[in-house]
Amino acid sequence: MPLVNFTAREITCKLVYYGPGRCGKTTNLQYIHGRVPEARRGRMVSLATQSDRTLFFDFLPIELGVISGFTTRFQLYTVPGQVYYNATRRLVLQGADGVVFVVDSQARRFDENVESFQNLQENLLEQGVDIRQLPLVLQYNKQDLPPDLVLAPTELDEAFNFRSVPSLPADALHGTGVFETLKALSTVVLQRLAARPPTL
Amino acid sequence: MTDPFASFVVDAATQAAHSAARMVAETPRMHYLLLMIGTRGAGKSHLLKAIRDRLTGSEPARTAELVGLGRLAQHVQSRGLADAGLALRERLLRADVVLLDDLDLIERQLPVQSFVFDVIESRLAAGLATVIASSRPLSRMTGLDGRLVRRLRDASTVELNLPGPVARTVILERRIAESGVPVAPRLAAAVGGLEFGSVKEYLGALNRILAVQQTTPTPIPVDDALALLGLEPAQPSHPAGDGPPASEPESPGEFDAFLTEVVANVSQQFDQWRGRLREAISHWQAQGLRTRRLEQALASDSSGDPEPIVAAFGHDAGELLRLAAEARVIAPDLASAEIFRDPDQLLAARHLVTEARARRAPLSAPLPDLTLARLGVGVSNRVALETIAAVIAEPGVRHNPLVLVGPSGVGKTHLLHGLGNALMANGLSPIACLSAHSFLGELAALKSSEEIAQWRARYQWVAGLLLDDVHLLSDEGRANAELLQIYAALEESGRPMAFTSARSLSELAGFDPRLLTRFEGGTVVDVGVPDREVRVAVVRSLLADTPAAEDVGLIDYLAGRSADSVRSVQGMVHRVLAEAGAERLTPSTAFARETLEAVETKPVRPLRRPPTATSGILSPGMGVVRSREKMVLEWPTPADRLLAEFA
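Keeping their order, the protein sequence lines are chains A and B. My numbering numbers the first residue of the first sequence as 1 and each following residue consecutively. My numbering numbers the first residue of the second sequence as 1 and each following residue consecutively.
Isolated chain B (complex conformation) (with noise of 0.2 Å):
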């Protein structure tokens, strides 16, 4: 950020008031009040935005309070101070400086002195500087309260003079050089060396200069310009007939004066609209945020009244603001988008941080039971477990999207946790992981369009997807759709996925082809029957805290029954542990075979109906619903067997 009083030009006239404003700017909590008196256009404002911008813009931290005491006078004058009184009060109380400019203005306005005095003694007493500007001392304004008086008096008192004419002649090359228009050479320095009673009554005659500069092309010589200023005899108008008065005029220059005071007055409120977007522009960039509008309005100078301009740039910052501190809450790793720094980038700001809020909703994370550690390797699940571990170790870029195929129960939802809470502990995180039927729950629970594009935003953003289940999507159009959208999102930034399915993917109907040909275009793994070596891996794992724990009859027993699936095998083990549980016993080969193969040799229900074979498997056809895998253990005795055989 450029210094703000670099553009102050400073010479003897105008340095100790300089050396003060600089010295309050630079060291603002201090117990000081500091006086400034310089005729108009000295450059007493210049100087307190000055303070203000340096120390706003070199610590964000800080607040300066810059008041006009005469806008104040006229509002106190229309609504009184009551409320908004209070509130300004207390605003200039907490500030690290307070500028107040224009005390000239406030002769005879008791209650706004009255309140200004409130506020210098409050600050003094706080320990906190206070800076005051007025185009006449003390001495020469009437109508002021003597508390006020006596209190100003004491103040450090700095005067601004006119600067001489090297100042003057910098100042005006200045202003040259911001209008853009080409003017003679030294012009600057003929203005600068005229006598005149204030800076602002040379930028008035320069202004003049330019305005007639601008409609010719060619420069105007130095003593044309100057004679435009009136400063040759001045030719007397006197218009015949149209009723000027018979005297002589007192002042034949009178209309120049006029012309002049009007021309820095329009000149200064123009400047004021620039400074405005100067300040703005300003009061932006300290806190960190581009401001390319303001700059481009500034620069076009054809855009109109800026405020509009500035409040609708202050309505999309503040919200960006708050957007960016929002995202650092609930995503760190966002809060440094460049987006936030930029007003002109709301709308994607808005988009990122509702994706944000969207992404921090609830998922549902692998199951912390279910770790690779924890499961029986065998024979039947070691190629899933050897890609499982290259996923781990290169998520996203092996085997995506990894596809385990297998029937119910041979532990595909245990491998996919596990791989779930493998990345999880490499620091990949969230990683959502559910089955297909809690998918197709939380999609049909959503009846807004926005309610999906949030669930969807959601699962958009995480680290992975692992689906449990997927064939269950089977003739779901919409959660086919959905979860294409969600695929697509994933694979385009690497992310991995992985899914499980209960039939092959030949086998998969009613499936958006799409999503066929991207899981096909994947590593699809079969998980098999579990082996001797799995159900053994299991058993032992299920008596691991049990008094049988070492029982390798018992063990050998177990994992040596015939079962088709990790789920069949636990059954077993689980009854036999409870029905010695119950019967308060240590389980044992002898008591496991008693328990399990009573079971088996319990008469069997005549049948209703036989069974009926299909591919060589026979469903029990006993009116209940069940899986094909359960028909193991429901095996009908060799008796209902030939039966069925002869029926």
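This is chain A alone, in the form it adopts within the complex (with noise of 0.2 Å):
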């Protein structure tokens, strides 16, 4: 749930990019931190390897202002997407709101993309949450390669969305779908605010 504290009015929503190494998680939250003016982002911390892969985790704080009286306030995470960091992957996961699970379209990263996805489930099975429980939203990034190297989103989301999450295409570098994958998430997660168990 996200956490809202009423005392201090306050609304935090922590939010992860999640995938296998070099699928582009921490490309969408480069452009996502590009477009975000700068009184309401927060540095971001990136903590890269000499060339240039994730070697801990990327952090962007955004500020959304007073909504409703509340001070909302998005937290976005990337993991480390290489397979030996699993431990910081589950560092990131604790907490989570949500999840943007992007995947790398290109065919040949396939076999990546679902053992990540797996390591995903795992990880979150360890820490007591069903992932039908955890707000999810597909992202299919590097939609923009030539056609014949990348798998369509039909294909993917027969190969992944068996629970029909929301699901984007995107090219995250130069933002297609970056923000609309954002916002696809963060509606997810924003309707738990007042989710209850659901009667029956």
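Take the hints with a grain of salt, since some may be wrong.
[Said to hold, decoys possible] Here chain A is said to cover these stretches of chain B; the calculated rule only asks that three of the stretch's residues, wherever they fall, bring their Cβ under 8 Å from a Cβ of chain A:
(1) 101 to 113
(2) 253 to 259
[Claimed, not checked] Far from chain B, by Cβ distances over 10 Å, these chain A residues were calculated:
(3) Phe74
(4) Val83
(5) Gln106
(6) Ala152
(7) Thr187
[What the hints assert, rightly or not] Distance ranges between label pairs, derived from CB positions:
(8) B/Leu110 / A/Asp148: 48 to 58 Å
(9) A/Glu38 / B/Leu93: 30 to 40 Å
(10) B/Ala312 / A/Asp130: 43 to 53 Å
(11) A/Ala159 / B/Ala257: 27 to 37 Å
(12) A/Ser164 / B/Arg274: 24 to 34 Å
No lab work stands behind these hints, which were simulated from the structure alone. C-beta: ideal position from N, C-alpha, C; glycine also.
Once you've looked at the hints, go ahead and assemble the two chains, each given alone in its own frame, into the complex.
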């Protein structure tokens, strides 16, 4: 659940970008960072290796101002995609209010996507979170590449979207679908502000 | 109760949906399937809630079930339908109206669609109305069950389109008024005149302005306010060195659009919270309850998540309604008490019902045979009877308490029960009429303080208290204390009380002085030894159903014999009747004389020791405990008396 502090009248949502290495998670955050007015964004913390790979995680706080009397802020995180940083991924996933799973649409990266998606489910389960209960959005990134190199969104839906969560094609480098993805996730997350267990 | 439809702004774009919704709310039990289509934020959920509130508010016995299909789908995904699904289905089939929101959220959710189809079919078969809302028309939805699509194509379909600028301005003005934030004049009209896709976006835009407005006391000019929405040329944002993409942004207003969406979502969620409170207020008011606590929470807007408040209130309200229902059965005179309509007074209601339960416990009532009509009247009890008549005429006002004092057997008990029966005949109920002996016995049987409290409450609730032989409470401290509490409650509310005592008040020892002063503050009436008039009446009464009923000589003889109590007279008459019955004779004066005087002339066994003279009265001194009034019958023969005198 998004953290709603009624005393301080604050809403804080932690959104995590998850996916295999080099799928474009950091690029998503960089694009968002570039579009958020300076007054509303914090410093983007990015711990990267010399080869520009995320070593630890990226962190981008966004202040959305006072909404309905609540100071609202989003905290965007990415996880390191490389397999050997699983402990860091678990740490970053802790307390996530929603996850964007960034799929590398390239056909040759399909297995890595599947492996990462399974890893996401396992890490969530270890924290006692059922992925079916967590707000999730799928972003099919790199759709700008030549069609013979990438899988179409419908094909990727077949492989990953078996529970009909929002899924969006994207080209994070140029910004296509980046804010749409963030908007889709924030909508699902914020809908849980007033969520109660459905009464049957 | 205000009309839930009143808060919906109607214009040409929403008129049809508004009218259809009103019709369902006003004529719920009809074979009707309504499909309401409109973009997100167009007001579909508003109308669905209005139908429910209108229906249940105007007729509390009616039921309307509002189900968000998106949430239902989430639930089905995580837990399946199973037993809970069956229970929901039962509820939906019983309801007068079923309102299903967000049909578009169950695309490709075949189990949920199948469930919805089944509910619709069953309700139509039963002639019941169902309303479904969707943000997209059927033609633009995929993955829908064919049966459901065919059924919905046959439904009455109404559309909610974007309201016009005037209606939008009214909606925005209401939002501004709700926020309490002072804004520039014509702000609502200016925002309402913009081009957005849904009411939700208009509200989101306004919320963004209000958020900034909250930070400054001066109303932001309309143009500046619109600039906050990014309606002026946006300045491209290219933070240096922080890794933004090299390419030109595709849409410089992306963040603003995103922010608008977030603001709209957050506002909507908070509206839902407020709506939850309003919904609870409406629900409980429809049940006739006060909802001050919920209204305060709604007004304060700072009390946090309303769910615990709503749940706590619901818990209290539910218990209060149960208590009120119980009160209607066990204490109809209390059921209309105001506290049964105010959950904030639950503790008082609990207390009241506890007392009412205690009040219902069985009480010793006056013996129905001992009526005043059957009482022999004479000089000895005339004053007592006149006083009792005054009590009956103005119970609790005159002679309260009434204390009848006199030796045993003179008819005090009869007078007391007669008073009780007369009070009950006048509509006072219940009347507790019991002996002090029973009073002590009941009290001694109580183990816990709770039992004592309930027992005490039972007496504190009576319409009148008549306690016989109160002198037996002498040296009974606990009983004195309890009687004092009961007395205080009855005295305070002006309920009648009467007591009898075989000893005069001045002779009562071992009593709480506060009780004695209260007795003395009432009316103390002496009941004397029955005079001839009383004795005649008693004898007549006892002979009434015998062959000797009209035997004046017998009546005269029996009433003329010495007797210091009614009980003695009764004893004589019963003995004569019993002897006559045994010998199959009609009682006569001669027979009575023979029977009674033979008894008196029977040889008396020699006394083992002479009787002791005290205050001129001799006790029998035969080792048998007897009351002094019995001594007259056992008076020694003249020979014995002479011996005693000379001893």
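The hints, checked one at a time:
no.: 1; hint: 101 to 113; result: holds (count 3)
no.: 2; hint: 253 to 259; result: holds (count 5)
no.: 3; hint: Phe74; result: 8 Å, violated
no.: 4; hint: Val83; result: 24 Å, holds
no.: 5; hint: Gln106; result: 19 Å, holds
no.: 6; hint: Ala152; result: 16 Å, holds
no.: 7; hint: Thr187; result: 6 Å, violated
no.: 8; hint: B/Leu110 / A/Asp148: 48 to 58 Å; result: 34 Å, violated
no.: 9; hint: A/Glu38 / B/Leu93: 30 to 40 Å; result: 58 Å, violated
no.: 10; hint: B/Ala312 / A/Asp130: 43 to 53 Å; result: 30 Å, violated
no.: 11; hint: A/Ala159 / B/Ala257: 27 to 37 Å; result: 30 Å, holds
no.: 12; hint: A/Ser164 / B/Arg274: 24 to 34 Å; result: 31 Å, holds
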